[in-house]
Structures are given as structure tokens and as C-alpha cells.
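S.K.: Residues per chain, in single letters:
There are 4 protein chains.
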Amino acid sequence: MTGRMRAVVIRKKEKGSIAVAEDMPIPIPGQGEVLIRVLAAGICGSDRHLYNWDPSARDWINDTPRIIGHEFCGEVAEVGPGVPSPPAEGTYVSAEMHETCGQCFHCRTGQGNICEKTIIYGYQKDGCFAEYVKVPASNVIPLPRDAIPHKVGAFLDALGNAVHSTQKVNLAGRSILVLGYGPIGAMTAAVAHFVGASGIFIAEVGSFQLEKAREWARSVSEERGGVGVKVFDVSKGGEEAIEDTIRDTSGGVDVVFEQSGSSRALNDGLRMVRNGGHIVLLGIPGTKDMTIEDYGKNVIFKGITLHGVIGRRMFKTWYHMLALLKSGLSVDHVVTQEYPLSDFDKGMAAFNGGESLKVVLFNK
Amino acid sequence: MTGRMRAVVIRKKEKGSIAVAEDMPIPIPGQGEVLIRVLAAGICGSDRHLYNWDPSARDWINDTPRIIGHEFCGEVAEVGPGVPSPPAEGTYVSAEMHETCGQCFHCRTGQGNICEKTIIYGYQKDGCFAEYVKVPASNVIPLPRDAIPHKVGAFLDALGNAVHSTQKVNLAGRSILVLGYGPIGAMTAAVAHFVGASGIFIAEVGSFQLEKAREWARSVSEERGGVGVKVFDVSKGGEEAIEDTIRDTSGGVDVVFEQSGSSRALNDGLRMVRNGGHIVLLGIPGTKDMTIEDYGKNVIFKGITLHGVIGRRMFKTWYHMLALLKSGLSVDHVVTQEYPLSDFDKGMAAFNGGESLKVVLFNK
Amino acid sequence: MTGRMRAVVIRKKEKGSIAVAEDMPIPIPGQGEVLIRVLAAGICGSDRHLYNWDPSARDWINDTPRIIGHEFCGEVAEVGPGVPSPPAEGTYVSAEMHETCGQCFHCRTGQGNICEKTIIYGYQKDGCFAEYVKVPASNVIPLPRDAIPHKVGAFLDALGNAVHSTQKVNLAGRSILVLGYGPIGAMTAAVAHFVGASGIFIAEVGSFQLEKAREWARSVSEERGGVGVKVFDVSKGGEEAIEDTIRDTSGGVDVVFEQSGSSRALNDGLRMVRNGGHIVLLGIPGTKDMTIEDYGKNVIFKGITLHGVIGRRMFKTWYHMLALLKSGLSVDHVVTQEYPLSDFDKGMAAFNGGESLKVVLFNK
Amino acid sequence: MTGRMRAVVIRKKEKGSIAVAEDMPIPIPGQGEVLIRVLAAGICGSDRHLYNWDPSARDWINDTPRIIGHEFCGEVAEVGPGVPSPPAEGTYVSAEMHETCGQCFHCRTGQGNICEKTIIYGYQKDGCFAEYVKVPASNVIPLPRDAIPHKVGAFLDALGNAVHSTQKVNLAGRSILVLGYGPIGAMTAAVAHFVGASGIFIAEVGSFQLEKAREWARSVSEERGGVGVKVFDVSKGGEEAIEDTIRDTSGGVDVVFEQSGSSRALNDGLRMVRNGGHIVLLGIPGTKDMTIEDYGKNVIFKGITLHGVIGRRMFKTWYHMLALLKSGLSVDHVVTQEYPLSDFDKGMAAFNGGESLKVVLFNK
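Residue numbers (our numbering), protein chains in the order written: chain A, 135 to 498; chain X, 135 to 498; chain W, 135 to 498; chain G, 135 to 498.
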């Protein structure tokens, strides 16, 4: 397949140069590669950082023009040479967008997500905000059509971060505290609820996010009894209310998910986790350093465990995520806006405005 | 408290000598003991073996008269001397009915359930089919009234066996096969569903049990989508249908729960589990020996793990079970008959007739 | 490289047709393959089964002529096309001789050893009892020259089976019972000792093996104090002596390694393991079925775990094995005979005669 | 037994009031208690903080006079009433000196070390720098006389901290970095070496400690080959040398033990640990807060796990520690000075002077 396609492109390494283009060449799949026709793609927080040309994101861009985007689903359009058992044309798929070396200790022991030679699509190679994207065949993940609508297939990469976070501790019957109800926090809460967590506490500062959290809390409480979901507005402090509720309800939170990157949130979590509990760390702070308050008391004497989470276990997380979705896990409430790819600017505006969780772009 | 009480008693070590008595002395709690007024109690399969004076159960009886029964809930009636932080009178409780030595490696490392000096109430000491029962204070488990109705509190010991089975492997997103839909199988399926298992296959031979399994399958499928629950009648063979379904649906079962004690069931499980899967073993066969067919192929080459399950982790399983119940786990559908304690005979008749899952006796 | 080479070949699918040939073509590495000049190779028990044309082994042979052998070390001689980051010529290497599909759940989650599409070199493709062997580049394992002499590099595949067995349970401070002191048993004992096992019991029936076990026991007792190693001759029964010693020394064995394939050994292990202990299963019996005696008592009531072990975790076991060898693990005492490849018949005769542990063939 | 005894006592809550007294009353064992004749006791870093009346330690003292000390071995002298299966007089024992509530979630699940109601002997109750000490019978640990000399029995509490640290990750074949070669660091290194760690890196600032580390490194390198032990003087910086060595030898450290409480050490560890590695945290800093540098890069993107360690798993760590000692673990090189109890001042002076690892006091 040859020709031109629509795509969201960084034209020059400078602010304001990311826009929809109509004339990008359709990629040609090379040795061991697969070309995928993109059906839908999700906007990630890191895409916003790119769009705003923040140092944390722009430094990963190695060259221009560069097509951005790294969450999507699509259909196999063409298979390059040298692919063993190639997927049939039209196969419904997503793809892991971290390309790893395949030869290091991590890659050869099922931990490709921490390979030191990782190349990230949408940064160092062309991404998926486009009509077509090519990826290594070994990164392609076939999807079950009936369990995963396009709208959800669009952001499996992000859902994988949430699922990976929940793989650190068996959450059945555990109480959890989610710090930050962005898309990842919303998905983490949904997974925790699905696997039987007992008592889900959510702390947020944004009014839109709080409303979404409360909406979800109501929907799941109707469906199932139990301790339920409690949402806390901490925009003006008020962590005491969480501590009081936790003390009354579960005597200390078993697992904290720090998904905001805020130093205050992390220290809240350290105070609220029970002795012997777990803190799962995913949020990246704006500053380089992070101060842990009362380290001796809150980390050592409590005997807690902290887990850094990066990417998705390759490919343990993918299999687990698909199994959860096939089993009935529902996450489509996380999508708050949908746009055609050509309206990328509108999607980014919605996301930047703060009144959104996950924004999905469709090719049509 | 002194006086006489109603209880189900073994009068003599011979068949047919188990009956309701009205004149048993109310136990007096000794050093470190608590007297509990029984509210409700569940009949266990081992009680039936006692009732029928089967060798497997009768050999555990050390003396007569002996009050039987070892699953119950009640309220604290009196506390003996030497109990630190004694529970208040009227506290709603259940109790672990395995009394362990407290001093061996197992007891001191959270594995009291495999203590070699275990004394079982209802066998070596008086049990709970009575108006009152006394137990060591350290075995008492306070229960939350709003999360656990008496009807369910009545059989937490049995539910603990099922929960312990599910603690061997994280079941979220896993496919499972339950071999035998007796009370333990029914509860295992319920817990697995609650914690997000993906694809629950149930094989049974009894028509009453099959009907109950199908009833439950319908009820949970309405509530949640996904792969769902599939029930198979294997009374006339027909394991091929299970194998076909498993192959189509999940490509091999992740975890098998062998809860029937049948050699055929175990070997079915070994064939149907996927490479690298797990078999959780709880069923006790009628015969001493168990033959594993095609051992090299089904155990070694498959690289599977087999887990023997006995009792409840003391007290990890109890905490986990209470957390699941507080979280919304529902198991009251497992109770198929309810009787007053005075109608113990009717309860046992129902149980013996095979048209029951869990039978609960109430004091009123 | 082209030309003819020496190799041990199955000429026809019949007994007595395995012999050294001088005229086999040197393999030509294809897409993604590496040609390795073999330095040394170990004879495995399965090679003996092939040599004796036993059904268990011969049925795996798909075609003739077939070069046998699947344990070796060598040097990279030539690299085929399409190998990313190809190893330099002369690199000292071994190789995993299970070729797996790379696309299934197991392969993509670090469990290639249980891939259902495994192809085994020396059976379904040509093996390493030859001057040269070709394997997929992704199966090649670079070796550190100073930590691994050729004599040991020759049987890393087998050592991997032993190391994989020891990966099932952390053995530091644990007591173990090794049932069968063949090459795998000898290596398992050595690894267990190296990682701090406390009390190593070995049961054997062969007089040569018993002598080797006692020799090793003496050598390690001199080096380190502690409970030490105890060797038991069970050729005429005598398991009671083991039970007595275990009872006195450790109150029950923490971990049993069943590496003989004998039904009697497995049942000995089930009796001797402590409550809550582990049985690691690797031995393949001559018969299809395996009878577990007193299943209820020895498996369920004991609450034990049984682990089937097949191959080597790909590639977790390889990394772990290399780390142990670099750390100082010594296994060269397992080699009891060394021959040039041309004397393959003598090596096999020594192995068949029973007066050997590991026999190594050298190319020179 | 009644009478007066020698003991090290805090007379008044002020600096300089800790001294040897000859007239303390011998404790009388109450309900469930055991009186132990102390044979030997170790001085802990926290005893030094008490001696120097540092805020971190003095705030734990609830009353005076208070006998200090919490590491010891001795012989049972007398058993109070109500002790089931009381130990025989003269039994060689040590004791866990954290008294826990026995009733909370942690206590009932084998994690008494994080009980929120812990009472520490030597702070809130009288300790073991005395001729006699009384403790709850359930805290007493019988010791094997031939595996544990008094000199080592004297500091099992501290060894337990080191062993607990090593229980967080299976260290066989792993490379480790020990930050701080005080007594705990020295013991951690010894345990890691004993269980087969591959590459042990030690960083220290004190010249005495460095000499001791190098002495030990030489002694174990002679006994066993392998990567060995490398000691680094970081008193004037020089972490680059460690990083270079780690890069060459193992490509990143698998497990870091932070046992110094220094912020610089923790951040060194975070930089030097490999992706996916572990940091075991035990050192308590002098300041309340701890700053993690480059948190996103070193914690999240590396996908590491951090483990806070407090006390000893009750009683899993004790059993594991005894098993290691019986197996041959040697730690007596950690004792650098021995004094009679009456020379407590000299012992403390040696410890305070910095020219010591573990100082042991003997009753004679």
C-alpha cells in the first residue's frame, strides 16, 4: 500500500508546531513489521505535555517530522516480510508501543517494560495519531471483537498502566486509596472494584474529576453491596476526613495508588496506608526531587512496600488485561469525549481544559 | 451461667446413637475460654459421615457423650478468667473450631491449620450443635452484623475452606474449573466470580446440584457480562463437551478446584488444566489411594502446581473472608434448607437425601 | 562454511542404528540462525533411552538421519542473515535446545518451557553430538569463560533442570530430601548446598551413586559446618532410617526433590515431607500411571504443594544458573567420565553400565 | 527466686544517668511469664542513643528506673503460673523483645512485628542488661546449644534484623550492595554470602569498619571462588568507582541494603540498583525527612521495589535465622569487643568511639 494519509505531526522542534497534516506518506512495513489501519486512538497525558512542549516530553523527540500518539486499536492492513505466522489482513488488534531490544536480561525474562534500550512509538518512531501505523509484528496484540469495542481498544496502552499497577498486589478483599482520579486513577478504581476490593477511597482536587468519580461510585454501589466507594474533595485540604473514614471503615488502607505525581499526595498516602501495606507509584512529579516526610515513622517502622510502575509487563499485563475485559470489566465510562482524528485540536483543547478523563480520536 | 441445654449428642460409639438431647449441661468457660450462645450452625459433610458412622469420621471421636457440629455463629454469653481484652457480652462472633498448640513452627508462623496437635471441636471436644458452646478466646472471631446475616455466619468455617482454596492463586482474570458443586464448590465458584475470574466451568453429577449451579449461573450472568459461567452434567460422562468448551473459550483452564474427592474428577482436571496451571485439592476420596493417569504427560511435562488445602489459614483466611463479605460477596444462595435445632434429624435427612447444598440449624 | 563433519547419527528408526558418522554435512545457518562449533557435550538420560530405542524416547524422532544430543557448549562459527546484534565469531556460548513458537501465552510471558509447539533439538531437529550445530540466534546464551570451563558448559541444559527445580522454593535454611542421586540429583544437592540449605538428605539405590554422594558429602562438610549432608542406601528398603534421622534433625523435610521417577520414591517423599512442605517433581516414571498412597492424609491434610518441573524457564533459569556459577557454584564433580566424540560408544557404554553420573564428550 | 541483682539502669530521665547498679530487685515472673538468667547480651545502636540521651531514643522511655538492653541469650531460671508446656529450668533460650497484643490483624497473621500496640523491652519494660530478665513465655525462643555459642546468642535480635532484611528477596545468585558496614550491614553481608549471593559490594565511611569489611572479604574469598566481595571507601565520595565496578561485574545491582540511615546512601542506592531491582530500607536517618533525588527516573522509570524493614517477622524470621545458623552460617566475626556486664561503661565507650561492630556483655 502506498499513498498519503492524515496524521498528527510535529513539524519542527518548537512549541505550537503540532498539527493535523493530510500528506504524510503511508508507512511501508519492513522486515518483521506489520502495517495497521488505525480505527481509534486515545490521547495520553504525555501527548498533552508534547503539545504544550514541556521539557519532560519534548526531550524524548529525536527527529521531525514525527507522528505522535501511542494508544490505539486497528485492523491489520499489510504484513512485511519475515513475519512468522503472520496475522490475517483485517485482524482486529492493538499493539504494545514500547519496542524493546529482545536480548537483554529484562527482555528475556518477561520484563521488557524495563529494557534499557526501549524505543517509544510516538516519540522516537512514528506513532498512531494517523490513518496507518507500522509496528514490529512481535508487538501486535490480537483483540477479541465482542469483548472490546473500538472506543476501549483505543486506550489499552493506558489501561495497561492501570492493570499493571493492580498486578503488584492481589486486591481481592483489600481496601485501597486512589490518589488522583485522572484516566489512570479512574481505570485503577474500576479494576480494583472488579476484582473484589473492599472499600475504595478516591481523593481528587478537580471538580470535573470529582463529579465523574461520584457518578461512577453511584453506578457501582447500585450493582453491588459492601463497603463501597467513597470520594473525597481535597482541593482545599481535608485529608482528615479521609483519615477518619479510613479509620472507621477499614482501620488503615491496604494499598495506596499514587497516580497524581504530587508530593502532597504521596505523603498523604504514606500516612494513610496501614502498617505492612503497599504504595504503588505511577505518578511522575513536575519537579525532579520528592521529599518523604517522617521517613523513619512512615516507611521503616510501618514496614511498608513501595512499587514503582512503568509501562506494561510484556506481555503478562496484556494477557491479564484482555482476560479482565473478556470477564466483564467495564471501562468505557472513562471516555468523556470523542472526536474524529481531523479534530485533534478540539480533542486536545478539551483535554487541556481539564474537563475530561480520556479523549478518543476516531478515523472515519 | 449454669443449667441444662439442648444439643445434638453422640451417646455411644455406635451407629444410630446421634440425636437431639435436652439435658446437656451448659458448659462452664475455663481459663482463657469464652462461652457463646449459638444463633445458627451449618451441617458439614463430615457431620453426615459421623451420623452415618463412617470409619473416616467416627475414628476421630475420642469420647462420649460428645456434642457434634463445628460451623456456627452466636453471641458472647460469658468470658472465663485470664482472657486479655475480653469481648463484651452480646458480641456477635464466630470461632475457628481447630484448637492448635500455639507453640510449634506452624502455629508461630501463621499456619496453625497444619499444626500436628490440632484438636477439632465437635470431635475431640464438644461442638456447636447446641444452645451454648465454649471455645478458647484466641479462636473467637468478631463479626460485623450488617455484612453477615446469621444464616451466613452459620457456616463460615466451610466458607473458610472455599476462601482458603481461592487464596492459593490470584483468580482475577483467570479461567477456573470447579469439580463438584456441593457447598464448598458452590462457595468457591461464588468467590471466584466475585474476584473477577474469567470463565467459570462447573462439572457435577447430581441433578439437584446441577439445577442449583444453573440457577446461580443465570443470576450472575444477568449482573455482569463476560465469559460467564458454564455448567456441565457429567453424570453420564461427557467430559469431551467441557474440553471442547474450554478449548474454544480460554485455551485451557488456569485453575482447577478438585472438591469432589473423585479419582475421575482429579484426572479430568489434570487433562483440562493448561500447561503451567494450578490444581487446588480439597476433596477427600473414599479410598486411601489415588491414581494419577499419564503422570509424566499431565504433571511433569505440563509443569503444573498442585496445592493441598486443609482448614483455614489461621487467621489470614478469616480476615480475607470477612473482607470479601464486607465488600459485597454473596453466598446465601448456598443455603437450601433451614430448620430449628430441635429438627436436626430432618436437616440431616435432607442433607443425606442429596437434595441440598448447605443446611442451617437455628436456635430459637 | 561447507564441508563434512563427525556426528552421532540415527541412521534408521530401529534399535542399534545410532553411531558415529564422519560424513555428515556441516549445517548452513539460515535466517535468524547461528552456527556453533561444538567444544563439549553431555550425554543425557534421554540419549540413553534413544540409544536403547525405548518407546519413551524413540517416538519423539520425526525423521532420519537425525543427529542426537542436546547439551553442549561451543564457539560461534558463523551467523546467518537477519540476526539483530549478531554475536562475534568465537564467542563462547551454550544454547537452549527447546525451540519455542514465540507467539503463545507461555512464550510471551517468560514460560517458553511449557510452549505447546516446542521443537527439541536432538529429536525433531539435528542436535549437538557433532562438530557443528545450528540453532536460532534467540536461543544462544553467551557464557563467561572464566566461570564456566568447557567440561561444565557441556551440560548446562541438564544443570538448568536442577536449577529450575531449586527455583520453585527459596532453599536458604531449608532441609531437603533428594530422591535419586543421578546427575540431576547430584546437581540439585550441590545447588541446594550452595544457597544455604540446612540439612541435605540423599536416598539412592545404586552403589556407584552412593559412593559419589558420600564423597561429595565429605567434601562439603569439610568446607562448612552445620547440619551437613546425610546419604542413605535404600537399595534394600531402609526408609525408616531416613525418617528417624529427619525426625531428629529437622522435624520433617521442607522440600523433597523427586528425581528418580520411582513410585516408591514419590510415596517416600510424601510421607517424609513436613506439613506445609513442598515436593518438586522431575522424574519421569517408566509406567504411565502413578499411585499416590494415603492421598487424603499425605496430600490434603498435610497441606503440601507439588510442583511439576519441565525444562528451564526461558530464560529466567539460564540467567540464574549463570549467576550461581559466577558466584562460585561448583558442579564439576558431577562429571565422572570424559571421552572424545569419536568414542561416543564408550561413553554410552559407561553411562549404560550404571557406573557414572555425567559423561562428557569433547571435540578435539 | 528473690534478691538483688546487677543491672544497667536509667535512674532519671536525664543525660548521664545510665549506669551499672548492684541493687536492682530480681524480677518475679507473673502469669504467663518466664524468668531468664542472662548469659550474654549485645549492645545495640539504639542503646547508644539512649546512653547519649538522643531524642530519637529517650522519648521511648516511659518510666524510671528502667533496665535497658534488648539482645541476649540465657537460661530459664523460673516459670510463672499459667504457661502451657513450660520450658525446663536451664533451657538455653533467647527471646523476642517486642511484646505484641496478640489480637490485631498483624499479630494474628504472622506479622506481630508491625503490631500497633508493641511494647519494647529495654524501653517500656525492663530489659536484659542484667543478671535476670522476665519476658512473656510466648516470646521465648529455645536455642540449639551446639549451633549457637553464647557470644552469638547475645545478639540474635540484631541478627534477626539482618535476616529479616534478607527475607525480602531470594538472594541466591543476586548481586547486592550493602550501604553501611555496621553490625547490621556486616551480618547482612554474611547472610547474603551464605545463601549464594553473586557479587557483594560494600560501601562504608569509617576506617575501622572498612578494615573489618576487608578482613571478612578476604576470609570468604579464600573459602569460595566466584565474583566475591568488593569493599569501597566512600568517606571522600568515590561512588563512581562503585558504579564502574558494578557496571563491569554485574550490569546493575539486584538488591541494595540501605542500613546507614544516610540520605546520600539511599540516593546512591537508587542510582546503582538495576531496573526492576530492590532496595531494602532499614537505616533510620537523624532527620525526619528524606529527599529522593530524580524520583521519576530512579523510582518510577526503573520499576523498582522498596521494602521497609522493622523488627523480626514473628516468628518466621526467628525460625529462618536458627535454620541458617544450624546450617553453618557464621557471624561471630561481627563481635569486636567482649566485656563483663560490670564493665558496661567500657563497652559503651568502645561502641561510642566508633572502633567496633558488635560489643557483647557477659554475666560471670
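Source of the hints: derived by calculation from the structure; they are not laboratory data. Mixed in with the good hints there might be a few duds.
Identical copies carry no separate label here, and so any pair may be met within one copy or between two of them.
Derived SDA-like pairs: lysine to any residue, alpha-carbon spacing no greater than 20 Å straight-line [as the list claims (entries may be wrong)]:
| # | residue 1 | residue 2 |
| --- | --- | --- |
| 1 | K422 | R405 |
| 2 | K422 | D367 |
| 3 | K431 | A484 |
| 4 | K251 | K431 |
| 5 | K149 | E489 |
| 6 | K422 | F435 |
| 7 | K431 | G386 |
| 8 | K251 | V361 |
| 9 | K147 | G179 |
| 10 | K431 | S180 |
| 11 | K450 | V303 |
| 12 | K259 | D197 |
| 13 | K251 | E489 |
| 14 | K302 | T243 |
| 15 | K147 | I418 |
| 16 | K370 | D280 |
| 17 | K498 | D479 |
| 18 | K498 | H284 |
Note that the coordinates shown come from a computational prediction; the quantities given were computed from them, not determined experimentally.
S.K.: Identify every previously stated hint that the structure contradicts and give their numbers, smallest first.
M.R.: As far as the earlier hints go, 2, 3, 5, 8, 13, 15, 16 are violated by this structure, in ascending order.
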